[in-house]
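Listed below, chain by chain, are the residues.
Protein chains: 2
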Amino acid sequence: MQLDLSADVVTLTRQLVDTFSVSHHEQEIADAVEEALRTLPHLTVTRRGHTVVARTDLGRAERVVVAGHLDTVPLNDNLPSRLEDGVLHGLGTCDMKGGDAVMLKLAADLAEPNRDLTFIFYEAEEVDSVHNGLRKLTESDPDLLEADFAILMEPSNAAIEAGCQGTMRVDVRTTGERAHSARSWKGVNAIHRAAPVLARLNDYVAREPEIDGLTYHEGLNATGIRGGVAGNVVPDECVVEVNFRFAPDRSEADAEAYVRAFFDGFEVTVTDMAAGALPGLDRPAAKAFVDAVGGEPAPKFGWTDVAQFTKLGVPAVNFGPGDPMFAHKQDEHVPVEHVERCERILKEWLS
Amino acid sequence: MQLDLSADVVTLTRQLVDTFSVSHHEQEIADAVEEALRTLPHLTVTRRGHTVVARTDLGRAERVVVAGHLDTVPLNDNLPSRLEDGVLHGLGTCDMKGGDAVMLKLAADLAEPNRDLTFIFYEAEEVDSVHNGLRKLTESDPDLLEADFAILMEPSNAAIEAGCQGTMRVDVRTTGERAHSARSWKGVNAIHRAAPVLARLNDYVAREPEIDGLTYHEGLNATGIRGGVAGNVVPDECVVEVNFRFAPDRSEADAEAYVRAFFDGFEVTVTDMAAGALPGLDRPAAKAFVDAVGGEPAPKFGWTDVAQFTKLGVPAVNFGPGDPMFAHKQDEHVPVEHVERCERILKEWLS
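Taken in sequence, the protein lines are chains F and W. Okay, so the first sequence: first residue is 0 according to numbering that gives the first Met the number 0, each after it adds one. Okay, so the second sequence: first residue is 0 according to numbering that gives the first Met the number 0, each after it adds one.
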C-alpha cells in the first residue's frame with residue numbers, strides 16, 4: 000500500500016481506514032506511513048517498532064508534538080469504508096484515522112511551519128498499556144517527545160478537550176465465616192457485610208472542581224461485585240470492584256488516600272492506577288492554540304494519552320475529528336467537515 | 000459381589016462400603032442387595048431401576064417404612080474402608096451405608112416383626128432430585144410407600160432428628176442504566192441499588208418456632224451476588240442469590256409470600272423450592288418410636304428425603320448411625336457403636 004500525500008485529507012483518511020490495522024497488526028500501515036514521510040526532505044524520520052516519528056528542525060522558538068495512534072479495536076463487520084452524505088463510515092474513521100490523515104497532510108504541506116513540529120504515529124493504543132507505542136517512546140526516546148505543547152488527535156468533535164481525569168481501580172473485600180446455609184447462624188455472611196460498602200457508594204457526592212476554567216466531574220462506582228461458594232453455603236468472601244475517576248488536581252497518592260478514607264474499616268486493594276492530566280491551558284503555547292481554535296475548551300472526563308505528556312511536563316490537549324461516543328462502536332463514523340476543519344485550523348495556526 | 004446377611008452389621012457395612020456406588024453407578028450394589036433379599040422367603044421384592052423395595056405382608060395393624068439410599072458422593076481417595084479403634088472409615092460409611100447395613104440385618108433377622116415392614120434401598124439421592132429413586136417411586140409406585148410411619152436412616156448420631164426445614168432460593172434483581180464510568184452520572188448503578196437488599200438481610204431476625212416440642216431455626220442468607228459489565232462501565236444489573244431455610248410450619252406458599260414481602264420493592268424470582276416436613280411426633284407410631292429410642296428428639300435443620308414422606312401424609316423421622324457433619328467429607332466415618340445401637344433399638348422396637 001502506498002499513501003498519496005498530495006490527495007485531499009478525506010481521500011487520505013479512506014486510504015488509512017481501508018488499511019487493516021487492528022492492534023498488534025500495524026506493520027503494513029506503519030510501513031506506508033514511514034515510506035510516505037521519508038519522501039519529505041524537511042522531515043527527519045525515526046522508526047521504533049511500528050511507531051513512526053517525523054520531526055522538523057528549523058530552530059523555531061517553540062516545538063509542538065502532534066500525535067495519533069495507528070491501531071484500531073477489532074473488526075466488527077465495518078470495513079471497507081463508505082462515504083455517504085458527507086460522513087465517512089468504517090472501523091477507525093473516528094478513532095482515529097481521520098486525525099492521522101490530518102497529521103499526514105500537515106507533515107506534507109507545512110515545509111516551513113512557524114513552530115517546529117514532531118509527528119508521532121504510534122502503535123497499540125487500544126490494548127494493555129504495556130504495548131502502547133507512545134508509552135514505550137517515553138522510555139526509549141524521551142528526547143523525541145520534548146516539546147512546549149502537545150496535541151493528541153483523539154476524537155473530540157474537532158474542538159479542544161483539555162487535560163483528562165485519572166482512573167483508579169480498587170477491590171473492597173469483606174470476609175466472614177463459611178457455614179451450611181441450613182445452619183447459617185454458625186457462620187458469618189461476607190455478602191451481608193458488604194451492605195455498608197454499597198450504602199457509602201450510594202451516599203457519595205461527586206466533587207466537581209474548576210481547574211483553568213474547566214469543570215471536571217469525579218465519579219466513584221462499583222463496576223463489579225462477586226461473592227458466593229455454593230447455593231447452600233454461607234459465603235466467607237465478597238469483593239466489590241470500585242472505579243474512581245478523579246479530577247486532574249488530585250495526584251495518584253491523593254486519590255488513593257481519598258478512597259482508603261472513604262472505605263475506612265474495609266480491606267482495600269489497589270488493582271490499577273493511571274494519573275490524570277492537568278489542562279495546562281495557562282501555558283503560553285496552549286493559550287495560543289485555544290485562541291486559534293476559538294470556542295470554549297471542554298474538560299476531558301475519560302483518561303487518554305495526554306497524561307503521558309503531562310508526566311513529561313508537556314501541556315497537552317485532545318483535538319481531533321469525530322464524536323468520541325462513536326469510538327469502538329460498530330457504526331463508527333466521522334463527519335468529513337470535522338476532518339477538514341481540524342486540518343484547516345492546524346494549518347492556519349502553524350503557518 | 001455377594002452379600003452375606005448372616006454376617007454381623009459391621010462386616011455388612013464394610014461389604015457395602017467396599018462396593019463402589021457413586022451416584023449413577025449403583026447397578027452392582029443394587030444387584031447384590033436385590034439378590035440377597037430374594038433369598039428371604041418372608042419378603043416380596045420389587046425392583047425399579049436401581050431401587051429395591053422389600054416388604055413383609057403379615058397383616059399387622061401398622062406398617063413402617065425403613066429407607067436408605069445406596070449411592071455416595073464422588074470418591075475422594077477414601078476407599079477401601081478401614082476399621083480402626085471402633086470407627087469405620089471410608090466413603091459412604093456415614094452417608095449412609097451403615098444405615099443400609101442395619102436395614103439388611105432387620106430384613107434378614109425379623110421374619111415375624113410386630114409391624115409390617117417396607118424396606119426401600121434407593122438410587123441417586125446425592126444428585127439432582129430429578130434422578131432421586133425415592134422421588135421416582137412416589138410417582139411410579141405410591142402404593143409401595145403406604146405406611147403409618149417412616150424411618151429414614153440418614154446419619155443423625157443414632158438419635159431421632161424429626162421433620163426437616165424447607166429450602167427456597169430466589170434471585171433478587173436490581174436494574175440501572177449503563178454508562179461509561181468516566182461519565183458515571185449519565186447512568187444508574189445497579190450494584191449501588193442493591194445496598195438496601197443487603198441492609199435488609201443484615202437486619203433479618205430469624206424466627207425460631209417450637210413445633211411438637213422441637214425448636215426450629217430459620218435462616219435468610221445471600222449465598223451469591225453478581226454484577227458488572229466491564230471495569231469501565233456503570234453496570235445495569237445486579238443479582239443477589241438468596242436462600243431461605245424455613246421451619247416446617249410454613250407451606251411453600253407462606254415461604255414465598257414471606258420472602259416477597261421481605262424484599263418488597265425489588266424484583267424477586269423463585270429459582271428453587273422444596274417444602275419442609277413437620278416432625279409429626281404427635282402421631283401414635285412416631286410416639287411409640289420416640290419412647291423406644293429414648294432421649295430427646297432434635298429438630299432437623301437441613302432438608303432431607305423425610306419431606307417426600309410428608310408429601311404422602313406419612314410421618315417420618317431421620318434416625319441413622321454417623322455424625323452428619325462428616326457426610327461428604329474426605330474423612331467420612333461412622334462409629335461401630337452407632338451402627339450396632341441403631342440395629343439393637345430397631346430390632347427391639349419391631350420384635
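Treat the hints as calculated values from the structure; they're not laboratory data. As the structure is a computational prediction, the values presented were derived from the model and not from experiment. Just so you know, not all the hints are guaranteed correct.
Pairs involving identical chains hold if they fit within one copy or between any two copies, as the list cannot separate such chains.
Claimed, not checked - Derived lysine to any residue pairs resembling SDA-like cross-links, with alpha carbons at most 20 Å apart:
1. Lys-185 with Phe-325
2. Lys-286 with Pro-195
3. Lys-346 with Asn-201
4. Lys-185 with Arg-343
5. Lys-328 with Asn-77
6. Lys-185 with Glu-207
7. Lys-135 with Val-258
8. Lys-328 with Ala-252
9. Lys-135 with Ser-22
10. Lys-185 with Gly-293
11. Lys-135 with Leu-78
12. Lys-185 with Ala-326
13. Lys-185 with Phe-262
14. Lys-135 with Leu-4
15. Lys-185 with Gly-175
16. Lys-185 with Leu-200
17. Lys-328 with Gly-293
18. Lys-185 with Asp-202
19. Lys-135 with Pro-208
20. Lys-346 with Asp-108
21. Lys-185 with Arg-59
We went through each hint and held it up to the structure:
With identical chains, the CA atoms of Lys-185 and Phe-325 are at most 20 Å apart between copies only, with a shortest distance of 16 Å across copies and 52 Å within one. Taking identical chains as interchangeable, the C-alpha atoms of Lys-286 and Pro-195 are never at most 20 Å apart, the minima being 46 Å within one chain and 49 Å between chains. In this homomeric assembly, Lys-346 and Asn-201 never come within 20 Å of each other (Cα to Cα): the closest approach is 48 Å inside a single copy and 64 Å across copies. With identical chains, the CA atoms of Lys-185 and Arg-343 are never at most 20 Å apart, being 72 Å at best within one copy and 33 Å at best between copies.
For a Cα distance limit of 20 Å, the shortest separation of Lys-328 from Asn-77 inside one copy, 9 Å, qualifies, whereas the shortest one across copies, 55 Å, does not. In the homo-oligomer, the alpha carbons of Lys-185 and Glu-207 lie at most 20 Å apart only across protomers (15 Å), although the nearest pairing inside one protomer, at 46 Å, exceeds that limit. In this assembly of identical chains, the alpha carbons of Lys-135 and Val-258 never lie at most 20 Å apart, being 30 Å within a copy and 56 Å across copies at closest. Proximity of Lys-328 and Ala-252 under a CA criterion of 20 Å is satisfied in neither setting, with 34 Å inside one chain copy and 47 Å between copies.
Taking the shortest Cα distances, Lys-135 and Ser-22 sit within 20 Å of each other inside one copy (15 Å), while across copies they are farther apart (57 Å). Taking the shortest Cα distances, Lys-185 and Gly-293 never come within 20 Å of each other, neither inside one copy (68 Å) nor across copies (28 Å). Taking the closest pair of Cα atoms, Lys-135 and Leu-78 never come within 20 Å of each other, the shortest separation being 29 Å inside a single copy and 58 Å across copies. Taking CA atoms no more than 20 Å apart as the test, Lys-185 paired with Ala-326 passes between copies only; the shortest distance there is 17 Å, against 51 Å inside one copy.
In this assembly of identical chains, the alpha carbons of Lys-185 and Phe-262 never lie at most 20 Å apart, being 27 Å within a copy and 24 Å across copies at closest. For the identical chains of this complex, Lys-135 and Leu-4 are neighbours neither inside a copy (27 Å) nor across copies (79 Å), given an alpha-carbon limit of 20 Å. For a Cα distance limit of 20 Å, the shortest separation of Lys-185 from Gly-175 inside one copy, 11 Å, qualifies, whereas the shortest one across copies, 35 Å, does not. For the homomeric pair Lys-185 and Leu-200, the shortest alpha-carbon distance between copies (16 Å) is at most 20 Å, but the shortest distance inside one copy (30 Å) is not.
For a Cα distance limit of 20 Å, the shortest separation of Lys-328 from Gly-293 qualifies neither inside one copy, at 29 Å, nor across copies, at 73 Å. Taking identical chains as interchangeable, the C-alpha atoms of Lys-185 and Asp-202 lie at most 20 Å apart only when they sit on different chains, with a minimum of 17 Å there against 32 Å within one chain. Taking identical chains as interchangeable, the C-alpha atoms of Lys-135 and Pro-208 are never at most 20 Å apart, the minima being 32 Å within one chain and 68 Å between chains. In this homomeric assembly, Lys-346 and Asp-108 come within 20 Å of each other (Cα to Cα) only inside a single copy, at 9 Å, whereas the closest approach across copies is 105 Å.
In this assembly of identical chains, the alpha carbons of Lys-185 and Arg-59 never lie at most 20 Å apart, being 76 Å within a copy and 45 Å across copies at closest.
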